[in-house]
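Visitor: Here is what each chain is made of, one letter per residue.
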Amino acid sequence: MIDLSPALVRQIIDLLAAVLLLLSFAMLSQRRILSLIDLFATQGFVLALSTAFVASVTGQPHLYWSAGITLGLKVLFLPWALHWLIRRLNVKWDVETLLNIPTTMLVGIVLVILAFNVAQPVSELAGTVTRGTLGIALAAVLLSFLMMITRSKALSQVIGFLAMENGLFFAATAATSGMPMIVELGIALDVLVGMIILVVFFFQIRERFDSLDIHHLEKLKEE
Amino acid sequence: MTGISWSGTIAQLTELALAIVVAPLLTGWVNQCRAWLQNKRGPGLLRQYLVLRKLFAKDAVIADRASPLFRATPYVLFGCMCMAAAIVPTLGTELPYAPVADAIALVGILALARVALALAAMDIGTAFGTLGARREMMVGFLAEPALLMVLFAASLLSHTSSLATTVETLSQRELAIYPSLAFAGVAFTMVSLAENARIPIDNPATHLELTMIHEAMILEYSGRHLALIEWAASLKLFVYSCIGIALFFPFGIAHGGDIVGLLLALPALLAKLAIGGVVLALIEILSAKMRIFRAPEFLGTAFMLAVLALLIHALLES
Numbered sequence: 550m551i552d553l554s555p556a557l558v559r560q561i562i563d564l565l566a567a568v569l570l571l572l573s574f575a576m577l578s579q580r581r582i583l584s585l586i587d588l589f590a591t592q593g594f595v596l597a598l599s600t601a602f603v604a605s606v607t608g609q610p611h612l613y614w615s616a617g618i619t620l621g622l623k624v625l626f627l628p629w630a631l632h633w634l635i636r637r638l639n640v641k642w643d644v645e646t647l648l649n650i651p652t653t654m655l656v657g658i659v660l661v662i663l664a665f666n667v668a669q670p671v672s673e674l675a676g677t678v679t680r681g682t683l684g685i686a687l688a689a690v691l692l693s694f695l696m697m698i699t700r701s702k703a704l705s706q707v708i709g710f711l712a713m714e715n716g717l718f719f720a721a722t723a724a725t726s727g728m729p730m731i732v733e734l735g736i737a738l739d740v741l742v743g744m745i746i747l748v749v750f751f752f753q754i755r756e757r758f759d760s761l762d763i764h765h766l767e768k769l770k771e772e
Numbered sequence: 005m006t007g008i009s010w011s012g013t014i015a016q017l018t019e020l021a022l023a024i025v026v027a028p029l030l031t032g033w034v035n036q037c038r039a040w041l042q043n044k045r046g047p048g049l050l051r052q053y054l055v056l057r058k059l060f061a062k063d064a065v066i067a068d069r070a071s072p073l074f075r076a077t078p079y080v081l082f083g084c085m086c087m088a089a090a091i092v093p094t095l096g097t098e099l100p101y102a103p104v105a106d107a108i109a110l111v112g113i114l115a116l117a118r119v120a121l122a123l124a125a126m127d128i129g130t131a132f133g134t135l136g137a138r139r140e141m142m143v144g145f146l147a148e149p150a151l152l153m154v155l156f157a158a159s160l161l162s163h164t165s166s167l168a169t170t171v172e173t174l175s176q177r178e179l180a181i182y183p184s185l186a187f188a189g190v191a192f193t194m195v196s197l198a199e200n201a202r203i204p205i206d207n208p209a210t211h212l213e214l215t216m217i218h219e220a221m222i223l224e225y226s227g228r229h230l231a232l233i234e235w236a237a238s239l240k241l242f243v244y245s246c247i248g249i250a251l252f253f254p255f256g257i258a259h260g261g262d263i264v265g266l267l268l269a270l271p272a273l274l275a276k277l278a279i280g281g282v283v284l285a286l287i288e289i290l291s292a293k294m295r296i297f298r299a300p301e302f303l304g305t306a307f308m309l310a311v312l313a314l315l316i317h318a319l320l321e322s
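Chains as they are written, first to last, in the working numbering: chain A, 550 to 772; chain B, 5 to 322.
Hint data in this document are derived by calculation from the structure and do not stem from the laboratory.
Listing some non-contacts, in silico: residues in chain B with all C-beta distances to chain A over 10 Å: (1) 29; (2) 56; (3) 104; (4) 134; (5) 142; (6) 173; (7) 210; (8) 227; (9) 254; (10) 264; (11) 277; (12) 292.
Not everything, but these chain A residues come out facing chain B in the computed CB check (under 10 Å): (13) 557; (14) 559; (15) 575; (16) 650; (17) 652; (18) 654; (19) 657; (20) 658; (21) 662; (22) 668; (23) 681; (24) 684.
The structure displayed is predicted, hence computed values, not measured ones. The beta-carbon is built from N, C-alpha and C at its ideal position, and this holds for glycine as well.
Model the full assembly from the supplied sequences, consistent with the hints where possible.
Guide: See below:
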C-alpha cells in the first residue's frame with residue numbers, strides 16, 4: 550500500500566480514465582486495422598496500469614491478479630493472436646466504416662454526454678476513490694458498441710467487442726473496486742474462448758464468401 | 005478598470021513591441037530547426053528579417069482591376085495580428101488593453117483577418133486566389149469552433165472569459181493534473197497547425213503547388229504588401245504559440261506589471277518559444293501533408309477533443 554494524498558490519487562486515476570476514453574475515441578476514428586490492434590493493446594495496458602494503481606492504493610491484493618491477467622491477456626496474447634489472424638487471413642485492408650468518421654465522432658460525443666448523465670446518480674452511491682470515473686467506463690462501453698455498429702468487417706467488430714470488455718472491466722474497478730476473483734477469471738476465460746470461437750467463424754466466413762464483410766451473411770442462398 | 009498605471013502601459017507596450025520584433029525570429033527558428041532535422045544547413049535565423057527588408061525596398065505591383073480592398077488588406081491583416089498580440093499575455097498578466105477584448109473577441113479578430121485575406125484573394129479574380137480562399141474558408145470554419153472550445157475549456161477552470169485573468173488563475177493554482185487541460189492542449193496543437201498553414205494541412209515551404217492554401221491566396225501580392233502579409237503570418241504563429249504557452253505552460257509569467265517580474269519572464273518566454281519551435285518542426289518532419297478532403301477529419305478530431313475536455317471537466321473536476 551502506497552501512501553499518497555487522496556487528491557493526488559484521484560488526479561492520477563482521473564488522468565488514466567481520461568486516457569482510456571481518448572483511446573476509445575482514437576479506435577473509433579482509426580482506419581487502419583493494424584493501428585486499431587495497437588490502440589486496443591494500449592488501451593489494455595492503460596487498464597492494467599489503472600487496476601494495479603487502484604490495487605496499490607486500496608491495498609487489495611486480488612486486484613493485482615486482475616491487473617496481471619489484463620496485462621497477459623489483453624496486452625500480449627490477444628493482440629498477438631489478432632496479428633497472427635491478419636497475417637493468416639491476409640487482410641491488411643483499411644477498415645471500411647459505414648458512417649463517415651466526423652459523423653461517427655459527433656455521435657460518439659453525444660454518447661459520452663449520455664453516459665456521463667446516466668452515471669452521475671449511480672456514482673453518488675459508490676464509496677470508492679474511483680467513483681468519478683464510472684461515467685467514463687460507461688462511455689467507453691457505449692463507444693465500443695458504436696464501433697461495432699459502424700464497422701462492416703468482422704475483424705474490426707471483434708476488436709470493438711474486446712474493447713467493450715475493457716470498458717466493463719474498468720467500470721467494475723471504478724464502481725466496486727473489482728469483482729471477486731472467480732468472476733474475473735471466468736470473464737477472462739470467456740473472452741479467450743469467445744476469441745477462439747470467433748477465429749473459427751472467421752475462417753468459415755472467409756472460406757464461404759471469400760471476404761470478411763459480414764453483409765454477405767445477410768443474403769439468403771438456396772443451393 | 006479606470007486608472008491605467010504607468011507600469012501597466014509600459015508592460016503593454018513592451019509586449020507589443022516584443023511580439024512585432026520577435027515574430028520573424030520565431031518563424032526563422034522553426035525553419036532553421038526543420039532544415040537541421042532534414043540534414044540541411046538551413047537559411048539562417050535572421051533570414052526572415054532579410055526577406056522583409058528586401059520586400060520593403062521593392063516596388064509593389066498591383067493588378068489593374070484591383071479594388072481598394074486589395075490594397076487595404078495587408079494593413080488590416082497586420083493590424084488584426086498586432087491587436088491579437090496585444091491581448092495575449094506573454095510576459096505579464098497586467099495588460100491595460102486586455103479588457104477591450106476577451107477570448108471570444110480574440111477568435112473574432114483572427115476571423116476578421118482571415119475574411120479580409122480571403123476576400124482580397126478573390127478580388128483579382130485569378131483561379132489560384134479563389135481556390136486558396138475557398139480552401140482557407142473551409143479550414144477556417146472547422147478550426148474556429150475547435151479553438152473556441154479550447155478557450156472555453158480554459159475559461160471553465162478560471163470562471164472568466166478574459167484571457168489575462170484566465171492566465172493569472174492558471175499560473176497561480178497549485179500544481180495538479182487536469183485531464184481536461186491535456187485534452188484541450190492536444191486539440192489546440194491541432195488547431196494551430198491548421199490555422200498557421202503548417203504541414204498536415206498546408207505546406208509552408210511551397211510556392212507553386214496545386215495543394216497550397218495560404219500561398220495561393222497571396223500569390224498576387226508583392227513589395228511592401230507582401231512584406232506586411234509575411235510579417236502578419238509570422239505574428240500569427242507567434243500569437244498562437246503564446247496562447248498555447250499562456251494556457252498550458254503559464255509558469256514564469258509575471259503577475260502584475262512590475263519591471264523585475266517582466267525582466268525575469270522574458271528569458272522564460274524565449275526558452276519556451278524555442279522549445280515550442282523545435283516541437284513544431286518535429287511535428288512537421290514526422291507527418292505528411294494530408295489530402296485536403298482529410299482536413300475535415302483532422303479538424304473534426306480537434307473539435308471532438310476540445311468538447312471532450314469540456315465534458316471531462318464537468319465530470320471529474322467540478
